[in-house]
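Novice: Here is how the chains run, residue by residue.
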Amino acid sequence: MTEHAKETVEAKLGLLEYRKGPEPHIHLKDAGASAPCVSRCEKRPCVSVCPAKVYEYDEAGAKVLVAWENCIECGACRMLCPFDNILCDWPAGGFGVRYRYG
Amino acid sequence: MPDFDAIVVGAGPAGTSAALTLARRGLKTVLLERGEYPGAKNVQGAVLYGRMLHDIVPEFWKDPDCPLERPVVEQRTVLTHGEDSVGFSYKSRRFLEGVPNAYTLIRVRFDRWYAKQAEAAGAELYAGVTVRELLKDGTRVVGVKTSEGDELTASVVLACDGVNSLLAQKAGLRPELKPEEVALGAKEVLELPSERIEERFALEKGEGATIEYFGSVTQGMLGYGFLYTNKDSLSLGVGCRLSDYQRTGLRPSEHLEALKKHPAVRRLIEGAKTLEYSAHLIPEGGLRSMPPLARDGLLVAGDAAQMINPAFREGSNLAMTAGRLAAEAAVEAKAQGDFSEKTLSSYVEKLRGCYLLPDLEETKDLEERIAAVPDFLEFYPGLACALARLRFTVDGRPKKEHLREALGLLRKRGFLRMARELWPLRKAAL
Numbered sequence: 001m002t003e004h005a006k007e008t009v010e011a012k013l014g015l016l017e018y019r020k021g022p023e024p025h026i027h028l029k030d031a032g033a034s035a036p037c038v039s040r041c042e043k044r045p046c047v048s049v050c051p052a053k054v055y056e057y058d059e060a061g062a063k064v065l066v067a068w069e070n071c072i073e074c075g076a077c078r079m080l081c082p083f084d085n086i087l088c089d090w091p092a093g094g095f096g097v098r099y100r101y102g
Numbered sequence: 001m002p003d004f005d006a007i008v009v010g011a012g013p014a015g016t017s018a019a020l021t022l023a024r025r026g027l028k029t030v031l032l033e034r035g036e037y038p039g040a041k042n043v044q045g046a047v048l049y050g051r052m053l054h055d056i057v058p059e060f061w062k063d064p065d066c067p068l069e070r071p072v073v074e075q076r077t078v079l080t081h082g083e084d085s086v087g088f089s090y091k092s093r094r095f096l097e098g099v100p101n102a103y104t105l106i107r108v109r110f111d112r113w114y115a116k117q118a119e120a121a122g123a124e125l126y127a128g129v130t131v132r133e134l135l136k137d138g139t140r141v142v143g144v145k146t147s148e149g150d151e152l153t154a155s156v157v158l159a160c161d162g163v164n165s166l167l168a169q170k171a172g173l174r175p176e177l178k179p180e181e182v183a184l185g186a187k188e189v190l191e192l193p194s195e196r197i198e199e200r201f202a203l204e205k206g207e208g209a210t211i212e213y214f215g216s217v218t219q220g221m222l223g224y225g226f227l228y229t230n231k232d233s234l235s236l237g238v239g240c241r242l243s244d245y246q247r248t249g250l251r252p253s254e255h256l257e258a259l260k261k262h263p264a265v266r267r268l269i270e271g272a273k274t275l276e277y278s279a280h281l282i283p284e285g286g287l288r289s290m291p292p293l294a295r296d297g298l299l300v301a302g303d304a305a306q307m308i309n310p311a312f313r314e315g316s317n318l319a320m321t322a323g324r325l326a327a328e329a330a331v332e333a334k335a336q337g338d339f340s341e342k343t344l345s346s347y348v349e350k351l352r353g354c355y356l357l358p359d360l361e362e363t364k365d366l367e368e369r370i371a372a373v374p375d376f377l378e379f380y381p382g383l384a385c386a387l388a389r390l391r392f393t394v395d396g397r398p399k400k401e402h403l404r405e406a407l408g409l410l411r412k413r414g415f416l417r418m419a420r421e422l423w424p425l426r427k428a429a430l
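Protein chains in written order, with the numbering used here: chain A, 1 to 102; chain B, 1 to 430.
Just so you know, not all the hints are guaranteed correct.
[To be verified] From the derived model, a few chain A residues whose C-beta atoms are all more than 12 Å from chain B:
hint: 1; residue: H27
hint: 2; residue: A35
hint: 3; residue: S39
hint: 4; residue: E59
[Claimed, not checked] Restraint-style ranges between C-beta atoms, simulated for each label pair:
hint: 5; chain 1: B; residue 1: M418; chain 2: A; residue 2: A33; range: 52 to 60 Å
hint: 6; chain 1: B; residue 1: L416; chain 2: A; residue 2: E7; range: 24 to 32 Å
hint: 7; chain 1: A; residue 1: E56; chain 2: B; residue 2: E378; range: 40 to 48 Å
hint: 8; chain 1: A; residue 1: E7; chain 2: B; residue 2: H54; range: 35 to 43 Å
hint: 9; chain 1: A; residue 1: A33; chain 2: B; residue 2: G337; range: 17 to 25 Å
hint: 10; chain 1: A; residue 1: T8; chain 2: B; residue 2: G337; range: 28 to 36 Å
hint: 11; chain 1: A; residue 1: E17; chain 2: B; residue 2: K116; range: 15 to 23 Å
hint: 12; chain 1: B; residue 1: E199; chain 2: A; residue 2: Y18; range: 33 to 41 Å
hint: 13; chain 1: A; residue 1: T8; chain 2: B; residue 2: G98; range: 13 to 21 Å
hint: 14; chain 1: A; residue 1: S34; chain 2: B; residue 2: R389; range: 35 to 43 Å
hint: 15; chain 1: A; residue 1: E23; chain 2: B; residue 2: E361; range: 42 to 50 Å
hint: 16; chain 1: B; residue 1: G98; chain 2: A; residue 2: E56; range: 50 to 58 Å
hint: 17; chain 1: B; residue 1: F379; chain 2: A; residue 2: Y18; range: 54 to 62 Å
hint: 18; chain 1: A; residue 1: E17; chain 2: B; residue 2: D63; range: 21 to 29 Å
What the hints contain is simulated information worked out from the structure, not anything from laboratory work.
For glycine and all other residues, C-beta sits at the position ideal for the given N, C-alpha and C.
Please put together the full structure from these sequences, using the hints given.
Specialist: Below is the structure:
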């Protein structure tokens, strides 16, 4: 019997403890309809690669949605974005993910 | 007068080693950690080599409170090709003699214990403090500013704030890292009773094994998988170049799921329950991505300074050595009353005089050379599996035909080409 049923990212994130910060620590420099995410980014590596599924593309709204509460603070998104459109700083002291094993 | 002699940013292996050393030598030291507790933001495989910690906390393994998991007696390397695999294993209880060679760890537990050692030595630890920027007087670093707006001043700041080192960036020491310069690692801690671990990995009670997986498990990306035995859990992870994940669009958590299903992994983790999922960047740019290590009033150590030797699975040991040596340079600077770049640069000399910089110098081109052969991690594990299959197959053909077939496989690639492609690996061999 296999018990690793925690196969989806959502289920994996559900195992984590977070202390939700008072404000977002991730921002898109340009978040509107004119953003490169909408018009110029073909692969949207933030959406496909982010290990915590923070980024999602909203086809109808033509924008990238940022679920910053899920962030596990790896920092990859800043480097992944081909248009340098992601501003990812650290949450304020003590907030954000808190690993129990690490 | 500044508030402190030294401010250390980040309570990981580099920062805690630095703070401990500084405090012991009588410097007024503060250790700032953005996590709610030391380790809260830290992720590692984790294997810790004993020697470099022993240099700082002698005979740490005799401290019953030190949260070590298992001393490593067996290290396996497994090359995968499709569902096949061929492996190499070295097992020796000599790893346990004297200073034990390596332990597996749960980083959060270890980091909390280690930070307590620094506190016991006299360092002031403040967790839950995010440093937002450096305070400067001209070009000289004179302190830090926290996310709460507090300003702390010191004669020297030690940036031990990890791979992302926003401080090194804000100090203008280096630009943002590129996706080619980092690996993205994802890991799960899987709960499994200790007796079952010992049965599955053929271990004596309490002893540990590590496995690294190369080849098809990385799905054409530069990187590897790993499986380490903890006391009553396993650490299973993958780490590949971020630029490769960018290219493939593969999500690391899904990559990890695929690794779980490989026959060389599946039965070892069967029935184990996932306790935690984590992800972290690994600074693998090596020497060429290394920022300047000393400036007026500033030193950089550990992941923040790209001190990782992926060819030998080393990192936290480098961080500990660098933290200790940075602290020693700061102690000397204090004695001279001079915290200029020139004085603090004795840190770089110390790094050059030990194993750290020479090792990074040796392996600086290794990843580049492997990446330059796009099918390296596909072809060679495949070749190894093919040769092993021929060697172990009894099919009624004379052995001479097996040998001819094997030589045919080698000739197809070309001996010269293979020699050229494999030559850089000598630096990862010994």
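Novice: Output the indices of the hints that this structure fails to meet, ascending.
Specialist: 6, 7, 9, 10, 13, 14, 17
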